[in-house]
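Student: Chain residues, written in single-letter form:
There are 4 protein chains.
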Amino acid sequence: MSEKAAFEAGIKLAALFHQFIGAPVSPENAELLERAMESCMRLQPYVVEAEVRINRKKLEKALSSYGYTSLTPEMLYAKVSVEVEGERAVAVMEWDEEKNYPLMRLL
Amino acid sequence: MSEKAAFEAGIKLAALFHQFIGAPVSPENAELLERAMESCMRLQPYVVEAEVRINRKKLEKALSSYGYTSLTPEMLYAKVSVEVEGERAVAVMEWDEEKNYPLMRLL
Amino acid sequence: MSEKAAFEAGIKLAALFHQFIGAPVSPENAELLERAMESCMRLQPYVVEAEVRINRKKLEKALSSYGYTSLTPEMLYAKVSVEVEGERAVAVMEWDEEKNYPLMRLL
Amino acid sequence: MSEKAAFEAGIKLAALFHQFIGAPVSPENAELLERAMESCMRLQPYVVEAEVRINRKKLEKALSSYGYTSLTPEMLYAKVSVEVEGERAVAVMEWDEEKNYPLMRLL
Chain H
99 MSEKAAFEAG IKLAALFHQF IGAPVSPENA ELLERAMESC MRLQPYVVEA
149 EVRINRKKLE KALSSYGYTS LTPEMLYAKV SVEVEGERAV AVMEWDEEKN
199 YPLMRLL
Chain X
99 MSEKAAFEAG IKLAALFHQF IGAPVSPENA ELLERAMESC MRLQPYVVEA
149 EVRINRKKLE KALSSYGYTS LTPEMLYAKV SVEVEGERAV AVMEWDEEKN
199 YPLMRLL
Chain Y
99 MSEKAAFEAG IKLAALFHQF IGAPVSPENA ELLERAMESC MRLQPYVVEA
149 EVRINRKKLE KALSSYGYTS LTPEMLYAKV SVEVEGERAV AVMEWDEEKN
199 YPLMRLL
Chain F
99 MSEKAAFEAG IKLAALFHQF IGAPVSPENA ELLERAMESC MRLQPYVVEA
149 EVRINRKKLE KALSSYGYTS LTPEMLYAKV SVEVEGERAV AVMEWDEEKN
199 YPLMRLL
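Here the protein sequences come in this chain order: H, X, Y and F. Taking this note's numbering, the leading residue of the first sequence gets 99, the next gets one more, and so forth. Taking this note's numbering, the leading residue of the second sequence gets 99, the next gets one more, and so forth. Taking this note's numbering, the leading residue of the third sequence gets 99, the next gets one more, and so forth. Taking this note's numbering, the leading residue of the fourth sequence gets 99, the next gets one more, and so forth.
Everything labelled a hint here was simulated from the structure, so no lab data went into it. Don't take each hint at face value.
In this list, chains with the same sequence are indistinguishable; a pair is considered to hold if it fits within one copy or across any two.
Said to hold, decoys possible - Computed cross-link-like contacts, PhoX-like style, restricted to lysine-lysine with a CA-CA straight-line distance of at most 20 Å: (1) K102 to K197; (2) K177 to K156; (3) K177 to K102; (4) K197 to K156.
Computed from a prediction, not measured in an experiment: that's the story for all the values here.
Could you build all of it, start to finish, from the sequences and the hints given here?
Tutor: Structure (structure tokens):
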């Protein structure tokens with residue numbers, strides 16, 4: 099892995115988080131939202147793979163009395179692979195219960 | 099139209115705008131993004147219809163050398179119908195060239 | 099209150115919410131963030147008064163092990179007054195514990 | 099510079115961009131918004147320095163007939179220094195006219 103690949107991987111995870119946290123989500127549109135978020139990641143430079151998942155159990159628990167909620171850091175998982183000048187970096191964003199934090203890390 | 103319906107219509111258009119402006123978009127994922135944005139609007143209380151369109155000509159013109167751009171106010175159109183206690187409001191957001199502004203208005 | 103004033107009030111509350119949810123916040127920058135959010139609301143058409151508050155107790159409880167968190171719907175309060183053609187509307191956004199929802203309503 | 103420092107630097111720039119693009123801005127609140135954005139960057143792990151600037155000339159040109167506009171990629175500059183386990187990375191986000199793109203790069 100190169101520094102530049104690591105840099106680009108960090109960009110992708112934070113872009114996803116700060117663009118989409120707060121978006122209206124329910125079990126009905128969660129999959130559509132996942133695909134749209136992945137499509138946004140894949141457009142960005144150097145991305146070779148992107149996976150986004152919304153935790154359905156946490157989503158169900160968070161639903162308001164209107165049947166939906168806002169996308170929260172707790173329920174968002176993402177994994178991205180980037181390749182820059184032949185060097186690859188893979189990184190993950192995942193809620194860390196102990197840190198109470200959406201931890202992003204290089205694999 | 100009631101005041102409450104008008105209030106709810108305003109909420110929906112501004113939510114769309116401030117949630118999604120900045121999202122990575124290209125001709126490839128524009129339709130998927132439109133459907134995802136509509137799904138987010140439809141989850142919100144009182145919405146009976148929602149339509150979101152990304153202006154493809156403006157999108158093409160705005161593309162970076164990486165083949166995509168960030169969603170801008172200039173290229174975003176939306177129309178929403180809400181119904182609150184039997185009263186309906188319909189509102190539109192559309193770029194106003196003269197005002198240089200994403201004007202939101204009740205129909 | 100007119101329909102147009104109600105519409106504009108709804109726009110302002112939703113713009114605030116969907117623009118700033120997810121922003122890094124701690125007891126250190128909460129006041130600065132409140133002032134910046136108010137300044138954004140005041141720029142928008144027809145706004146005559148804007149007040150934004152971040153609930154410090156909820157903020158403290160939500161802190162990660164890094165000493166900050168992301169701005170959440172639970173901790174955000176806002177009140178806005180707009181005046182359109184002599185007609186005024188006042189609206190509030192506040193977390194509703196029962197509905198588990200950031201309720202926006204006209205006063 | 100280490101890979102981890104580079105990764106963290108990328109996170110910070112993209113977080114800034116995708117959180118704040120779209121925010122209402124004018125010459126009146128530009129400085130307050132710059133300070134608020136810097137405060138958000140400084141809260142994040144490993145940040146030792148953060149600088150955010152809104153290009154005033156581009157801002158003036160982009161103003162709507164309502165005297166403000168939405169924060170755009172063209173007008174946003176940021177520089178961040180992070181330090182992870184003794185290793186430092188410095189990165190910049192700046193509009194690239196040729197690429198028509200808010201380029202983020204390691205220094």
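Student: Hints first: check each against the structure and report whether it holds.
Tutor: These are the hints, each one checked on the structure:
1. K102 to K197: between (27 Å within a copy, 19 Å between copies)
2. K177 to K156: Close inside one copy (19 Å), not across copies (30 Å); limit 20 Å.
3. K177 to K102: This pair counts as both: shortest intra-copy Cα distance 17 Å, inter-copy 16 Å.
4. K197 to K156: Intra 17 Å, inter 17 Å, cutoff 20 Å: intra and inter.
Of the numbered hints stated above, none is contradicted by the structure.
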